[in-house]
Amino acid sequence: MSETKKTTCRGCHENCGVIVTIENGKVKKIEGDPNHPKNEGFVCPKGISYKDQIDHTQRIKYPMKRVGERGEGEWERITWNEALDTIANELQKVKEKYGAESIAFGHGDYRGTAKTVWQYFFTALGTPNSFHTDGHYCYQPVQMSDIATYGSFITSETGPDYENSDCIFLWGGNPVMSHPTRAKDIMKGIKKGAQLLVVDPRLTEIASKADLWLQVRPSTDGALALAILNVIINDELYDKEFVEDWCYGFDKLKERVQKFPPKKASEITWVPKEKIIKAARMYSKADPASLHIRQGLQLNVNNVQSIRALSCLLAITGNFDIKGGNIVTSFPEGYKGIRNFRNKYTKGQLLPREVQEKRLGAKEFPLFSGPDGITNRDCFPRYAVDAMITEEPYPIKACVAVNDPITGFEDSKRLKEGLLNLDFFAVSEFYLTPTAELADIVLPAATWLEKDELVENFYHNMVGRRQKCVQIEECKDETEMIYELADRMDIDLPWNSVDEFSNYFLEDMDIDFEELKEMGIIKGDMEYKKYEKEGFNTPTGKVELYSTLYEDYGYDPLPDFEEPPKSPFSEPEVAKDYPYIMISGGRHIAYYHGQGRQVDLLRELCPDPLMEINPKTAEENNIDEGDWVFVKTPDMEDHVEFKAHLTKGIDPRVIHVQSHWWFPEEEDPEHGCWKSNINAIIPSDPPYSEFTGSPQIRGCLCDIEKKVE
Amino acid sequence: MKKKAIMIENDLCYGCYTCYVACKQEHELGKGLSFINVVEIEHTEGDNKVRKEFAPMKCKHCGDAPCIEACPVDAITKRSDGIVLIDNDICIKCKNCIDACPFGAIQFSEEIIQKCDNCIDRIDQGLEPACVHHCPTDALKFGHTDELVKSKLERAAEKLLNPKYLEVVE
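Protein sequences appear in the order of chains A and B. So for the first sequence, this note's numbering puts the first residue at 1; every next one is plus one. So for the second sequence, this note's numbering puts the first residue at 1; every next one is plus one.
Same shape as in the complex, but just chain B (with noise of 0.2 angstroms):
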């Protein structure tokens, strides 16, 4: 099965939001949990030059996930097309998993571990994951990860030869 996979662009998200409360509808989430974050940062060089960035923050579903080899009772696996699932009927709430997780992904609300599973639902029908498909500027894409590379890969060309890039306005 050919893997398909979320790739989050940072410089093409403003901060909207929007993938944030898409999710909590589609898993109809309770009062501050969301399977994705967004992160605002701000960046100041000297005392005049500020800069602003957001990254949407996710379970990355890992290729080696950290999280599977943390769990004592192997409640998180690995579906063939690589997301990564907990079954809450066999987690015993160590919470070992959180410990492990290098992006703070994984959540404990609700009495239960709780994280991203890519929309399995919407995907198996077809569908992009909640957060992608609301995503106002590709921030967020879903596709095979060839296809993701090479779009990004593109992108940076597009950029690297444009001309607002190459002419400095005097």
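Just chain A, with the same shape it has in the complex (with noise of 0.2 angstroms):
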């Protein structure tokens, strides 16, 4: 028995419309769907190996309890009623003795609607803190720019309008690897005679299609953006009209920016002079451009302020919710939205702002965590672990996770002392990470091919669904699982099944879940420049070159560039010693985050933890390709390992090395999470942010040195 079911992929971010042949109730095929308009037959490697992610031997497909000391690796299998009857009991327990606050919600792999249902539920629990282990350097420093700017979120993935623009700007990113379908259609563009802009310290897939590739010091990248600014200002290359008549503050704007000529900014970036010029007058010559921030600029002390520079830049040179620019999508008429509930209620207006006050971090970092924060109003996640080990201002006690983080949050080790320190500690998940395994309860968590739910198209003004395909033993879609626990603890939620969630999103519309099941997607028009009839929900209206809202809360109002703490130039005693500037996290299309090395159709495309190390600075140390070279870092005991390519499309002063890297295949507990995972040697000490906490993932230095075996 064959038949084949149309669905949405959820092997990343991108939601890529696809066609699954299933026969006997088994996956036999993952193939992009062709008529589906965000990846039009696309789909990347994830998505199609991901039947052999669903039934892996290694697949978690029951509730377990560990029967050992904690992160021991002792499993054994229980019921339903007894995993989720424990969990109730324990954060009962916690809650009646410490106060709700005790209680953290760790996250940051997004998993679609679970994520605003699981948080929905925590708020009603009472606790402010949900921990959020990527937030911090993870797209909330962009919309921490761009909401300050503009009042909304349109400089990531979500804003460009590649295909329809003249010149494509990519800051910080490698979407051929991160985000395959907004490549796919920066390629649409190209074909259609963009040109394109990249800046990276690396050579990436993306960067060798590029007319202009600006190789940047890494962590640098605020001072290219304000010298692209200045030159843009000083030869009056920007939109005179958009300036005077949506702007705020361009004058005071034009005065900051004279810091920054280019041929500073170039001693600074290591981008030759003549190509920071090209790059503005490309930019801001072209009619429309479009703009795109990625990683690069977020890991970092200085993050906010670099992007502001670019905030303001797309601003400036009018390309703000234009077709070919960056446009502020919308959901089609009607439909309610999930972030937009989120916004509402899950980020804490549910509780007392007494309570709200409490989040760990809302006083150090009041944008980012407090009760008026601009972004998603998460615990700022290097004081929860505090609260776990040093039990201050209060103790975190117990710790419901759906991530990895001990593979993808800085300073990993002290996080594990963390969370061994909690009275209870659960996760749900689809295997036996590192950070699964220690926890007391693991919940076999349902992958996309094994619920029926709502898709918002984060990049598209798109509704659409998933389809059960099938059922793999006790897995569970995870809001099913928190319906139960908030019956279990007299909880209230707005719905109690997944069609409740998703007729209560639809009910405007006119449609129930079941038709929007047989019609796949629902898109909304399109409209620009909305701006013109709303304004923008700024305190003055008005984009604000000049951040008002900065101002008052005692940041400085303008962009800004500060040489990072941890550099050959900041710390030149520490660079005798850690003489390379390290980059990590640049991604292979194999993996999303820390999943999919189980998996041997994806593993074969990446079988090694890699670093990337410039031909002349492996000579120098005796490497050569494929060798095991040891990493160190100044601040931490323990090195890491990574396997050396050598490329010349990095600078021999800097090296790149992968993130997320653990292996399945070696012994349980830790299954070598500590061999080649970068974020064991990555402190979470402060100096931080000041917007958001993140301290200097990036551009920190380091040494190597060749593995003898």
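Just so you know, the hints here were simulated from the structure itself, not pulled from any lab data. There may be inaccurate statements among the hints.
[What the hints assert, rightly or not] Label-pair ranges, simulated between beta-carbon atoms:
no., chain 1, residue 1, chain 2, residue 2, range
1, B, N88, A, K28, 20 to 30 angstroms
2, B, R51, A, E76, 53 to 63 angstroms
3, A, K26, B, E111, 26 to 36 angstroms
4, A, G535, B, R51, 42 to 52 angstroms
5, B, T44, A, K26, 47 to 57 angstroms
6, A, Q471, B, E154, 42 to 52 angstroms
7, A, R77, B, T77, 51 to 61 angstroms
8, A, T57, B, A100, 37 to 47 angstroms
9, A, E665, B, E9, 30 to 40 angstroms
C-beta: ideal position from N, C-alpha, C; glycine also.
Build the complex: two chains, separate frames, hints provided.
Set out below in structure tokens:
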């Protein structure tokens, strides 16, 4: 018996339409749906190989409890009732003994609608501590800048309209590997004649297609961005009408950028002056031009002000919410929007202000964690780890996690210490990750092939659906787990089933979830220049080049650049022993964060953790292609190892290593998670970004040494 | 029968390896084997200038296929639509075809001679080959040869006439 079913992939953030062939209750084949407007027939290796992810021998297929000491890796199968009763009882115990704020919800790997339902559940339980282990350095720094500047969020992959653009400016990202359908759209733009500008320390796959590649010194992007603004403003290449009508603080910005003439920026960033000027002219003269900011700028102490320079760049060139520029996407008419709902309720408005003020980080990072925060209002994760270890300012005693921060969060050995110190730790996962191995209870989460779900397309104004294709043993949709937990704990949720949840968001569109499943996708109309009707959602109602919000909070209201705290120039003494600049986390298409390394089809594409190193540097260190190389950082005792790949696409002074490495095939409970996990040697101590708390994770100093077998 | 072929445009490939994996899924191939491979080449000019290029490599289903000539037992034949096929029941595994192929497109794996069959099962149903279906950039295209050549010609003309290539930014 063979049938096909259309659904939406969730192998990463992209949500591609796929056609799944099912034979005798098993997934036989996964192909891209040619009629899906987002991916148009394409689906990347992660999606294709998901058939091997779901019934893999290592998959968690039943609820389990630990039988040895915590972290020993000894497990026993239990019933769903026992698992959920235990979690409900343990959370209740902690709440009664220490208060609800001593319970943290750990997340980071965006799990579709479950994220919202989990957050609603924990908010209703009374804790303000949503422990988002990558929020301070991923996505939220860009939100922090964009929202202060425009009141909306458009410079990450949600905004750029590549296909209709004459110039695509891609800064610090490699969507070929990280956001494959967006890379596809960039190529569409290029085929129509768009120029491509790429800023990256590495000659990435997308940089290989660039008309102009600016090989920036890691962590100096802010200086480069300010110099580009300097050229555009001083040469009067900006959109005078838009600046006049819609921008606040242009004169002050003009004064600020005088600090960064191209010559000076060239010395700071290692990008030749001519290329800075050329980039400024290419972007500003193209009409329209799109801008895409990604991780390269975010994992740093100077993250938000560097991004602010780019938010301003987009505005003064008149590329805000226009066709071919960057678009403020909106959902189809009547659709309520899960994101809108989350912004309204689960960010904490369900909680009294005094409870929100208790959120860890609320005082130190008010726009990030405070009751009036402008991003997701998560707690600052390092403070949550502190509260697990030191119990200050109050203890965190229980945590439910739905991600793998042992591979994804900086200073991960300290995190392990914190997690082991908890009274209770539960993890909902697909595999026994190094984090799940530390839990008391592990819940078998259903993947996208095993559930019905409402889908919001991140980058387009589309609503779609997932359809259940198979049932794998006792795996369960996370939202169902939550409804059952809520029932046990007498917590009132607005919905009690997938259908109720979905219909709640669809009800004003006069269709229900069953009808949407048939239709597949509903696409909204594209509307541009919405600000002409609505203005900008900022204190002045204009684009705030000079941020009055930042001014109120005591931050610099104008973009600026500061030399990062860990660099050969700020720490010349340290640099004598640690002479290289290290960047990490460039993606491979085979893997989504820590996921996928069990699957042969994917592992074949990237079997080992890779280091990119210039042949000159390799020679100086007696390193050949394929050699294993130790990496050490100044502040940490441990070292980690990577396999050398020699390329002239990286500066001889810079080393790049991959992130999130663990080895599922290696012995439990650690699965080799300290061998090549770069986060094990990245400290989480201050200094921090004053906005989001990001420490300097990229561009820090390191030394390398060939491993002698 | 009007012949259909796969055209490869290297300048559109950015090395996402999706064709490699799609081919493996379609033909249920084991570890290390796919009938299409992506080769990444780094070119350097002087000390500072570096370029990276990608080339998807597969069987070309040559008009005058050297592998057919080289096969001593006539195990390799050409279908009426031009697709070159190996009959493993006849094949004696002498590997002359591997020596003869100028593209390295024929492999000896799992004890048999294997290569791309342009997904005949799919194209006979009116579908595109799996690699073409999944290519995100149209670096791989499937169609009648004259149409493919025309599309390439048009893209080249567009490129020539695009102001981007005419106007040098000062």
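Evaluation of the provided hints:
no.	hint	verdict
1	B:N88 x A:K28: 20 to 30 angstroms	23 angstroms, holds
2	B:R51 x A:E76: 53 to 63 angstroms	56 angstroms, holds
3	A:K26 x B:E111: 26 to 36 angstroms	27 angstroms, holds
4	A:G535 x B:R51: 42 to 52 angstroms	46 angstroms, holds
5	B:T44 x A:K26: 47 to 57 angstroms	48 angstroms, holds
6	A:Q471 x B:E154: 42 to 52 angstroms	49 angstroms, holds
7	A:R77 x B:T77: 51 to 61 angstroms	55 angstroms, holds
8	A:T57 x B:A100: 37 to 47 angstroms	42 angstroms, holds
9	A:E665 x B:E9: 30 to 40 angstroms	38 angstroms, holds
Hint violations for this structure: none, all hints satisfied.
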